[in-house]
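Chains as they are written, first to last, in numbering that gives the first Met the number 0: chain A, 0 to 119; chain B, 0 to 279; chain C, 0 to 250.
Since the hints were derived computationally from the structure, they do not count as laboratory data. Where hints are given, some of them may not hold.
Stated by the list, open to error - Here are the computed lysine-lysine pairs in the DSS-like style, where the Cα-Cα straight-line distance is at most 27 Å:
| no. | chain 1 | residue 1 | chain 2 | residue 2 |
| --- | --- | --- | --- | --- |
| 1 | B | K133 | C | K23 |
| 2 | C | K68 | B | K133 |
| 3 | B | K163 | A | K6 |
| 4 | B | K168 | B | K217 |
| 5 | B | K255 | A | K6 |
| 6 | B | K12 | B | K273 |
| 7 | A | K6 | B | K168 |
| 8 | A | K6 | B | K221 |
| 9 | A | K97 | B | K133 |
| 10 | B | K255 | B | K269 |
| 11 | A | K26 | B | K221 |
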Amino acid sequence: MDFGTDKAIYLQITDYICEQILNGRWKAGERVVSVRELATALEVNPNTVMRSYNELADRNIIVNKRGIGFFVSPDAPELIRTEQRAAFIHDELPRIFKKMRLLNISLEEITSHYQSTENQ
Amino acid sequence: MIQLKDVTFGYTKIAPVFKDLNLELAGGHIYGLLGKNGVGKTTLMKIIAGLRFADSGTTEVFGEPSYKRSPDMLQDLYYLGEEVYAPQLTIQQYVDAFAPFYPHFSREQMDAYLEQFELTGCTQRISAMSHGQKKKVIISFALATNVKVLLMDEPTNGLDIPSKSMFRKVMAMAADEERLFVLSTHQVRDLHSLIDSIILLDGGEILLAEPNEVITDKLLFKVVDSTEGLQNLLYAEDTLRGIYTVSENVNHEESKLDIELLFNAAISNKKKIKELFSNY
Amino acid sequence: MEKMFSKDRMLLLIRSIFIQNRSKDLRLALVVAGIMAFFGLVSPSHGDYDFFGVVNVCVLLVLAGTTYKMLAVPSRAMDYLMLPASTAEKTVVTIAYLNIYYVLMMMVSSFVGFYFGQMLQNLIAIVPFFRDLFGSSGHTFALSAVSFHKLGSNLLSLTCGISVLLFGSLYFRRHAILKTLLVGCGFCFALFILDMIVISSAGYAYGLTINNVNLPDLPEWAETTIEIMVPCVFTLFFWFMTYLRLRETEA
Chain A
0 MDFGTDKAIY
10 LQITDYICEQ
20 ILNGRWKAGE
30 RVVSVRELAT
40 ALEVNPNTVM
50 RSYNELADRN
60 IIVNKRGIGF
70 FVSPDAPELI
80 RTEQRAAFIH
90 DELPRIFKKM
100 RLLNISLEEI
110 TSHYQSTENQ
Chain B
0 MIQLKDVTFG
10 YTKIAPVFKD
20 LNLELAGGHI
30 YGLLGKNGVG
40 KTTLMKIIAG
50 LRFADSGTTE
60 VFGEPSYKRS
70 PDMLQDLYYL
80 GEEVYAPQLT
90 IQQYVDAFAP
100 FYPHFSREQM
110 DAYLEQFELT
120 GCTQRISAMS
130 HGQKKKVIIS
140 FALATNVKVL
150 LMDEPTNGLD
160 IPSKSMFRKV
170 MAMAADEERL
180 FVLSTHQVRD
190 LHSLIDSIIL
200 LDGGEILLAE
210 PNEVITDKLL
220 FKVVDSTEGL
230 QNLLYAEDTL
240 RGIYTVSENV
250 NHEESKLDIE
260 LLFNAAISNK
270 KKIKELFSNY
Chain C
0 MEKMFSKDRM
10 LLLIRSIFIQ
20 NRSKDLRLAL
30 VVAGIMAFFG
40 LVSPSHGDYD
50 FFGVVNVCVL
60 LVLAGTTYKM
70 LAVPSRAMDY
80 LMLPASTAEK
90 TVVTIAYLNI
100 YYVLMMMVSS
110 FVGFYFGQML
120 QNLIAIVPFF
130 RDLFGSSGHT
140 FALSAVSFHK
150 LGSNLLSLTC
160 GISVLLFGSL
170 YFRRHAILKT
180 LLVGCGFCFA
190 LFILDMIVIS
200 SAGYAYGLTI
210 NNVNLPDLPE
220 WAETTIEIMV
230 PCVFTLFFWF
240 MTYLRLRETE
250 A
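Given only the sequences and the hints, what does the whole structure look like? Please build it.
Given below as structure tokens:
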């Protein structure tokens, strides 16, 4: 994984984990890979992975079962989708709208483009 | 775990390498030791290890002066220099002869690291291996000793690109909440994902020695189009991607630590950096 | 004291030195045995065996003088200093290794080699031409010919010599043997000059002149004591100096 972008590494890792949960690679209710294993695979300081896990635990996406390990919450996929929907509406949409207004693209144009791609 | 107080050291009386240097390092961290060429990174690590003796001041490891080189300290400290000594022994013989000196040595870990480095089943003499392979063997050994303090001088120097990746993996396997690693390096990009704390050495003194979170708490790293409106700007670098800036983090915003940028900012703003991070 | 000396650690040190030097030592033993075999082959059975001592002593002194040569290489020096054992342990093991292991190794390979050479001689001496050449009487070197008292005092001197060269090896590191011998000669020469000065200035009162340096004989017990004490003191002194110097060694 290339950690070159401006986002903190531990956040990039949480994004990566969320992605894995959404695409079903990390299944709901299943045990999550150990901190050390993930750190080794990603070649990062285990502390950083720990930080990511704690962050996700705070968001209830994963659960820390003392003595056993971290598990993916049963409703993690839903939670993540909710989070990402909120992020899309609050962060990405305003950016898109700003561009639309700048380039004079109307909502109708967007709708028709959307419908044509839906058929593909 | 490691404490240096008012350490002064010089090869000649006229130009000391360190003057009244203070440094405190705690376990559970992988410190990146940064500084310009010739500033004394290697010398600092050697003083910590007890390989060189400071002219004045105290250097303590585990509460004991390191110059004494007591067996108790040596059993829990490993110094990996830039040039490694490659004995005329096979890996097996080497482990056989020297592992017993380290009470916490783990054979399984040694095998695991060798496997990661693709050296399993190698029966060559270490002295006959390529430079990179020699380093990999000694790195594996050093990590398998499970010493509490590991000082590594330019560990990725001489390793090819796949080996650097293997090194990162092996370090991730070895790090834990008690161990203290100090990696001195020029190749920050090789190690920036492993380093969780920074030690900046310049002009014979420590500018800062803090975990990344503390640094990003006090400093803000931002890429901007113009420096207008930036509060307490410390340093700015004009690049094709934009203007890379470092400023005082007055609003406690979150940002990602850019080690190279931090280094440049600190070198050009020594006074301010020392002020911000002064603990002593 | 337990922190300074641990029996297990010293055994580990001995073991590690043995493993590291195994092939070098074997080659050395074979070379010495070979040289002695040659001597055994060509020397008459009733001859003087002084060369025995000469070869052995030379080899042992050279071994002592090159002990710390490796400290001249920074990576090796760091490796050695960082090995988890106290300086005292390292010094004691090094001294014991030289004085016990290497001395025994030399003696064994010398005897074995020489004996082998003598056997070979006896074999060849069956041919009359060679018998005349060697002047062999058909006898073989016997262990009983060795004077153990002489061996004892020789061993003491040897230990003393080893301790001096060992310290020299640590102090000088490069070309240590040469430098140590030069310093040694210089020291002896200085002592000589001092003697001359003392004799010529104060000796007259005691009936001594530069041409007549006959000191009265001391009682035998005193002479023997001095013969034993002086090398002992020197040896202990240099052993201790080696320890101190190693403690101060930086890499």
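Hint compliance check: list the failing hint numbers for this structure, sorted ascending. 4, 9 and 11
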